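**Student:** What follows is each chain in one-letter form.
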Amino acid sequence: MESDKIIELSQVCFQYPGAKSPTLKISQLDIFKKEKVFLYGPSGSGKSTLLEVLSGILQPQQGEVKILGENLVKMTSHQRDRFRANHLGYIFQSFNLIPYLSVEENITLPLVLSPSRRSKLTSADVSAEVERLCQHLGLGDLKSRGVTQLSVGQQQRVAVARALLGNPELILADEPTSSLDHDHRERFIRLLFEECEARGTTVLFVSHDRSLEKIFTRSLSFNEINQGGAE
Amino acid sequence: MSDLMAFLRLALKSLRNRKFTTFLAVLSIALSTALLLSVERTRRATEEGFTQSISQTDLIVGARSGPINLILYTIFNMGSATNNISWESYQDWKKNSSVEWTIPYSLGDGHRGFRVVATDENFYEHYRFRGDQGVELAQGTSALGLWDVVLGSEVASQLHYQLGDRVTIAHGVTRGEGIQQHDDKPFVVSGIMKPTGTALDTSLYISLYGMEAIHMDWKDGAAPTRDKAIAASSIRLEDIKLGPITAFFLRTKSRIETLRLQRAINTYKEEPLLAIIPGATLSDLWRGLGYIEQALKMISWMVISVGLVAMLIAILTSLNERRREMSILRSIGAGPGEIAALLVFESALLAAVGVLIGLGLELSGFFLLKGWLESRFGLYLVGSPVTSMDLIYLLIIFGSGFFIGLIPAIKASRLALKDGLTAKV
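These protein sequence lines map, in sequence, to chains A and B.
Per our numbering, the first sequence starts with residue 2, numbered consecutively.
Per our numbering, the second sequence starts with residue 365, numbered consecutively.
One chain only, chain A, in its complex shape (with noise of 0.2 Å):
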């Protein structure tokens, strides 16, 4: 069952440079194809740092981070960075969006910089896959507004968008509904749920707020899992 695992970590150590003590130490962590995890911990933990080891931002010093069965601790900086922009969705907690760009340019920004992730899609293909991405997430009359005309509910629903283009495998979330109301919340992880599940995308959800956790297929404790601490 080795091929189903989309995110394999084994005894990785991740410390900041200047820190005293590693953020990051987890000996081991498996997430599957199509899963929906939801990882719950306090804020400054060291979330937002695995999920930065995770695409690929930073290099841990010791241990290997398998996505997709491959060891990005092995490749160079510019092969993790293409790897992320091929295989890659990412949305941030605010401000997930390039101001001056409208609705449409943000959701295919990943195209310019992923010639893989392009190449799934013929041109015609990516017009008619961001009108549908647009119709289905509500922003359907809304794609060539400039995107700080949207509200932050809309914003995040673009930031959804601009990660599913392409179909890449795997969608890192980092607190994306921290800024939307209780009632939002629900909408829009279910809306994000809805596409990941048509596409077989697996998710990897990061939050401190643990009312979202039911709707998860499964729930982990960050602090459990890593045995490192921020301080």
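What the hints contain is simulated information worked out from the structure, not anything from laboratory work.
In this text the structure is predicted, and so the values were computed from the model without any measurement.
The reader is advised that the hints may include incorrect statements.
[To be verified] Only pairs whose alpha carbons sit at most 30 Å apart, straight line, appear in this in silico BS3-like list of lysine-lysine: (1) K775/B x K75/A; (2) K617/B x K458/B; (3) K67/A x K34/A; (4) K458/B x K377/B; (5) K661/B x K633/B; (6) K377/B x K144/A; (7) K617/B x K558/B; (8) K144/A x K75/A; (9) K6/A x K75/A; (10) K35/A x K144/A; (11) K75/A x K35/A; (12) K21/A x K458/B; (13) K782/B x K377/B; (14) K633/B x K458/B; (15) K144/A x K458/B; (16) K383/B x K775/B; (17) K782/B x K75/A; (18) K21/A x K215/A; (19) K782/B x K67/A; (20) K26/A x K782/B; (21) K775/B x K21/A; (22) K67/A x K6/A; (23) K26/A x K67/A; (24) K558/B x K734/B.
Assemble the complex: chain A is given as a structure, and chain B must be docked to it using the hints.
**Tutor:** What follows is chain B alone, placed relative to chain A:
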């Protein structure tokens, strides 16, 4: 390729988002480029105007002194001759078989600070400057009659003289009113010259006979007493015997003769004479003035540096606001190299646009003001509008812009590495 285009479009949109700072950065480069090019063009025009103050004259001959002195008092109305050339020596060289024409110049008198040059018809016919530009009259006729005077354009406009006005010539060139006036023998304005942009504009021209006539009754450089004065009405052109002149211009029948003739004049047994080749002496003189040119150039380069620094500041100050943007780009797969490339492209674009606008400004400015610069300052545009030197300057400015752009680029890629996906701004 389309990825590159999309990438560049991203940079363009980012610049457009910061319209005002972008505009300022481009403006500072454009203005400094325009300034450098203007200084360069002015320098070229000045040098050309200077070294082309006289053309088609192969030799200038005067009494023996220094070449610079000779060229200053014949071409630039500056300084004075130490001695004269006798009429006989002049005739001797004028009739030399290898000489095509000569223009005699007799100096020493003035009118309200302007010089009076006594010459003959050859001046109007043969004097040339800036290649093939000759002496042309705006109104009236050449000063060939005994009491005729032709005014340089500057003299006419400053003193508001018209055709037919009476002009009194003073002995010696003095500012304001001369001490000793030839007021018993006034001249009449017979013609006014077109502007030439040379020192010709600031002189008055009479005939050699006129010059002789006003000094006829003088003895040993002193004005005649009342009883010895000869009335102007009693002098007739035919009776006048011409005397010494100050200098003359000479054209050879064949240019090959020039050096031989120069040597012959310089070793003339009858009288100590000096013959110079005007082009060579003018170039020497210009080189002596080279420090002005250097100072102008240095100022322009300083302005360019300020322009480039302004661009650097504009880009650097925007970096902090853009850290979030960089994080988003990182999250979708941009490496630090790509972030740096984005910024390098940005500054290269600013520099390129600035340089081109600067060139456009300078060219249009110069062509719009062409007429005014020619008439007001005697600056004539010569050669092609854009020289290879200009292109080198443009490339240097663009290149410096590009290299200066590396500073924010390196800073941005470092910030991107440090911030990762969590730029806290």
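**Student:** Run every hint past the structure and note whether it holds.
**Tutor:** The hints, checked one at a time:
no. : hint            : verdict
1   : K775/B x K75/A  : holds (27 Å)
2   : K617/B x K458/B : holds (12 Å)
3   : K67/A x K34/A   : holds (13 Å)
4   : K458/B x K377/B : violated (76 Å)
5   : K661/B x K633/B : violated (48 Å)
6   : K377/B x K144/A : holds (17 Å)
7   : K617/B x K558/B : holds (29 Å)
8   : K144/A x K75/A  : violated (40 Å)
9   : K6/A x K75/A    : holds (18 Å)
10  : K35/A x K144/A  : holds (29 Å)
11  : K75/A x K35/A   : holds (25 Å)
12  : K21/A x K458/B  : violated (101 Å)
13  : K782/B x K377/B : holds (25 Å)
14  : K633/B x K458/B : holds (16 Å)
15  : K144/A x K458/B : violated (91 Å)
16  : K383/B x K775/B : holds (22 Å)
17  : K782/B x K75/A  : holds (21 Å)
18  : K21/A x K215/A  : violated (36 Å)
19  : K782/B x K67/A  : holds (23 Å)
20  : K26/A x K782/B  : holds (21 Å)
21  : K775/B x K21/A  : holds (27 Å)
22  : K67/A x K6/A    : holds (9 Å)
23  : K26/A x K67/A   : holds (16 Å)
24  : K558/B x K734/B : holds (17 Å)
The structure is inconsistent with the numbered hints 4, 5, 8, 12, 15, 18, although it conforms to all the rest.
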